[in-house]
Amino acid sequence: MKKLFSLLLALMLASSMLGALAEAPVEIYFLNFKPEIATVYEEIAKAYEAATGVKVNVMTAASGTYEQTLRSEIAKADAPTIFQINGPVGLTSWKDYCLDLSGTAFYEMLSDKSLAVKDGDKVCGIPYVVEGYGIIYNNAIMNKYFASANKATAFQSMDEVNNFAALKAVVEDMTALKDELGIQGVFASTSMAAGEQWRWQTHLLNLPLFYEFADMGGDTVLSGLAAQEIGFTYGENYKNIFDLYTNNSVTAKGLLSNKTVNDSMAEFALGQCAMVQNGNWGASQILGVAGNTVANEDIKFMPIYTGVEGEETQGLCIGTENYLCINSQVSPEKQQASIDFLVWLYSSEEGKAYVKNDLMFLAPFNTFEDDEKPEDPLSKEVLRWMEKEGVNSVQWTFAAFPSEEFKNYVGDALLEYLQGSMDWEGVHQVVVDSWKSERAL
Amino acid sequence: MQKTLRKYFPLFVLPTLIAFAVVFLIPFLMGIYLSFTEFTTVTNSRWVGLQNYVTAFTTNREFLNALWFTVKFAAVSVVSINVIGFLMASLLTRGIRGTNVFRTVFFLPNLIGGIVLGWIWQMIFNGILYHYEMTLTYSPSFGFWGLVILMNWQMIGYMMIIYIAGIQAIPGELYDAADVDGAGPWQKLTRVTLPMVMPSITICTFLTLTNSFKLFDQNLALTAGAPSKKTAMLALDIYNTFYGRNGWEGVGQAKAVVFFLLVALLAFLQLRITRRREVDQ
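As given, the protein sequences belong to chains A and L, one line each in that order.
Residues 0 to 440 in numbering that gives the first Met the number 0 are what the first sequence spells out, letter by letter.
Residues 0 to 280 in numbering that gives the first Met the number 0 are what the second sequence spells out, letter by letter.
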């Protein structure tokens, strides 16, 4: 009996080892950056397997941990075949792992070839989505305000609110009338929880630095990458809008360190506030909230005004920090399979339907016809602002920020500023100093 | 019997030895090697000598701040956990009704994982501070005392069990003899109980000291170092260095080696000191 048992065990061991030795079918491993659409990717993976028989494993890194996850995953034998970098800064650490994509079908599809990130002539990453952010507002609440008999401003519609002074006047008056408007605050919570500060230390910080680098002339990202030091000369403008956010918020300043982006988006979706700063990727977070009270046609974008001279012509912040790369260290079969998958996703009818309806991407590929652009309200708003006459989009200058740590230092300083343990001078100093020290590393 | 044992000894030890080598020895040696290199993935590294160690201490004060915070934390929590744990143990060895229930209840927190505990306590503290429109990140001292309370809550039960075992092992005659000699309660405590539970004290201080230094999950879940990394302990700082920055994996590794040496040295010293005071029964 014992012998039989051990024989069985040995057999089981042997067979499992044999199984491992047998040639594994080509599988694609996609390390996804965007947690908000993780479930959609899993559906796409299933559809692709059904259509072609090739298995796609999708793994999603938790918010703010992509670099960590990528680092530990890529060291494994079963490394990601498709991963993402965030632009020129990310490229420096991952270029050894980026396959040259020039000449591939996927690169050919890219409508504007200058959008790709390159290392010399080597095409390393291809953007798959163009995004825009600004202040999202609930037009129903705004109209209620404009129609109110008690309002103290003369504005009649959001079209007239085209600079910081106007925005501030409207917002502060709305705060005074918040009971009448049925809101708890004009702005959604300024999320300051760990890992949830990117809207402030990256996106909002983009504006003052965009203007600072624009003053130098030339491309702002390139000027930014070359800048060893910054003056944070538009710091007061940052303070303007940041104070406006937090003084007219749903949540008291001292409690903001508990708030996440999801909380803010939920507050907006539930109609507890009229405005929230975020990008078009947040559409699914508004539309998907149970008890969402905001109608599709009421979700609108406006630019983030900070009180810079001539900002009436400023548009949304448009750009991308999502570039797909193919791992150069996996087998050529896997590389080809990964490219085939991406081509399928962004050019086949079935794939494009997912991109348009579920991922809600504004994809920069020539395979998309005009009527195949996404239909969610925020993507449409981004397109509207991009096409608007006499309005200039703000570039995503934050691609030039020296490091993640720089952003974290700024985020920490902002939190201390909110909690009163640091004054604005201190924040200013942290921005300037940490830019310098992080760039020098 | 002895002969067969000796014959098959290597064979039986082998699985454990392999496991030990794979999950401990090899990573440990690799870690020491990697602390002298620059690397992104562990299989692809470049020798840089002592540069990482220099960077760890000189580029910014984060490592030193974390070290100081950890030392303060360890000092406070080692004392409080052991004193309270010992008090609990002496209370629960007096045959009070429901002793077993209490022992179980006090031990339970130790069974919950650190991340979960951190979250639970974060909610409790933030729930209280909510009334004052504050959160745990308001000041570093909130985070400090929060960690102390959390750590006490988790470790006291465990230490209590060890002390109970120690106290119960003391022969009753010693107390009888002390009574005959006219010793008061204080003298009985300092002259009989404490010397007799010295082995327990050794093990408890060892456990609390090393655990306080190695604390990570609770730190991450409770404050994650906020505000401005002022409540980041050594392990969290190492983690942040390793994962938070491109090209700093080697520096994180160097910090980890320093951290290992420090904890090993402290544990060794502590064992030497408390061992010396143990008495033979």
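Think of the hints as simulated: they come from the structure by calculation, not from any bench.
Where is the CB? At the ideal position from N, CA and C, for every residue including glycine.
Just to be clear, a hint being listed does not mean it is correct.
Claimed, not checked - In silico contact screen, one side only, chain L against chain A (beta carbon under 10 Å); selected entries: (1) Q50; (2) T54; (3) G181; (4) T189; (5) T222.
Said to hold, decoys possible - Simulated pairs of lysine to aspartate or glutamate, EDC-like, Cα-Cα distance not exceeding 20 Å: (6) A/K355 - A/E41; (7) A/K75 - L/E37; (8) A/K252 - L/E132; (9) A/K435 - L/E61.
Verification of the hints:
no.: 1; hint: Q50; result: violated, 12 Å
no.: 2; hint: T54; result: holds, 9 Å
no.: 3; hint: G181; result: violated, 58 Å
no.: 4; hint: T189; result: violated, 45 Å
no.: 5; hint: T222; result: holds, 8 Å
no.: 6; hint: A/K355 - A/E41; result: holds, 16 Å
no.: 7; hint: A/K75 - L/E37; result: holds, 19 Å
no.: 8; hint: A/K252 - L/E132; result: holds, 8 Å
no.: 9; hint: A/K435 - L/E61; result: holds, 17 Å
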